[in-house]
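Engineer: Sequence:
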Amino acid sequence: VQLQASGGGLVQAGGFLRLSCAASGRIFSINDMGWYRQAPGKQRELVAAITSGGGSTNYADSVKGRFTVSRDNAKNTVALQMNSLKPEDTAVYYCNIVGGGPPYDYWGQGTQVTVSS
874 VQLQASGGGL
884 VQAGGFLRLS
894 CAASGRIFSI
904 NDMGWYRQAP
914 GKQRELVAAI
924 TSGGGSTNYA
934 DSVKGRFTVS
944 RDNAKNTVAL
954 QMNSLKPEDT
964 AVYYCNIVGG
974 GPPYDYWGQG
984 TQVTVSS
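Every position in the sequence shown, counted from 1, becomes a number in this note's numbering once 873 is added.
Misleading hints may appear alongside valid ones.
To be verified - The list that follows gives simulated cross-link-like pairs (lysine to any residue, SDA-like), each with its CA atoms no further than 25 Å apart:
#: 1; residue 1: Lys948; residue 2: Ser990
#: 2; residue 1: Lys937; residue 2: Ser990
#: 3; residue 1: Lys915; residue 2: Lys948
#: 4; residue 1: Lys915; residue 2: Trp980
#: 5; residue 1: Lys937; residue 2: Gly926
#: 6; residue 1: Lys937; residue 2: Ser957
#: 7; residue 1: Lys915; residue 2: Gly973
What the hints assert, rightly or not - Taking CB as the label site, the calculated pair distances span:
#: 8; residue 1: Ser943; residue 2: Phe901; range: 19 to 25 Å
#: 9; residue 1: Arg899; residue 2: Glu961; range: 34 to 40 Å
#: 10; residue 1: Arg917; residue 2: Lys937; range: 14 to 20 Å
#: 11; residue 1: Ala947; residue 2: Tyr979; range: 15 to 21 Å
#: 12; residue 1: Asn904; residue 2: Ser989; range: 33 to 39 Å
#: 13; residue 1: Ser943; residue 2: Gln982; range: 16 to 22 Å
#: 14; residue 1: Asp934; residue 2: Ser989; range: 22 to 28 Å
#: 15; residue 1: Gly887; residue 2: Val971; range: 29 to 35 Å
#: 16; residue 1: Arg939; residue 2: Gly974; range: 32 to 38 Å
The set of hints was computed from the structure by calculation and includes no laboratory data. Here the structure is a predicted model, which is why all the values come from computation and not from measurement. For glycine and all other residues, C-beta sits at the position ideal for the given N, C-alpha and C.
Produce the complete structure using the sequences and hints provided.
Structural biologist: Below is the structure:
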């Protein structure tokens, strides 16, 4: 199984970016899909996650109202629309999928997001 993330880059504060992540390989029963980030010197943290049916989402308090997570189950993709970006959003962003049958937890390679002030 491979997760290929794309869409990172350099943007000015107040700008926007859209991250995408595509899962390929033998994947069964994906449950949650989401995005984490890790800034230099900090621990990896959850940014946003979405359940299998898309009916429930979870966001870090720091991104609520600015970021939107979505998924396409037919294509095994998850996206993160990031608006009103702030310098503190600068980090490496990782996509993640978890599932069952047997349980698994896969990570993408990370994509750099840099927000300049």
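Engineer: Now look at each hint and say whether the structure bears it out.
Structural biologist: Results for each hint:
1. Lys948 with Ser990: Violated, at about 36 Å.
2. Lys937 with Ser990: It holds: about 20 Å lies between the C-alpha atoms, which stays within 25 Å.
3. Lys915 with Lys948: Violated: Lys915 and Lys948 sit about 32 Å apart, past 25 Å.
4. Lys915 with Trp980: holds (18 Å)
5. Lys937 with Gly926: holds (20 Å)
6. Lys937 with Ser957: holds (11 Å)
7. Lys915 with Gly973: violated (30 Å)
8. Ser943 with Phe901: 19 to 25 Å: holds (21 Å)
9. Arg899 with Glu961: 34 to 40 Å: holds (38 Å)
10. Arg917 with Lys937: 14 to 20 Å: holds (19 Å)
11. Ala947 with Tyr979: 15 to 21 Å: holds (19 Å)
12. Asn904 with Ser989: 33 to 39 Å: holds (36 Å)
13. Ser943 with Gln982: 16 to 22 Å: At 21 Å between Cβs, range holds.
14. Asp934 with Ser989: 22 to 28 Å: holds (23 Å)
15. Gly887 with Val971: 29 to 35 Å: Hint holds: Cβ distance 33 Å, inside 29 to 35 Å.
16. Arg939 with Gly974: 32 to 38 Å: holds (35 Å)
The structure shown violates the earlier hints numbered 1, 3 and 7.
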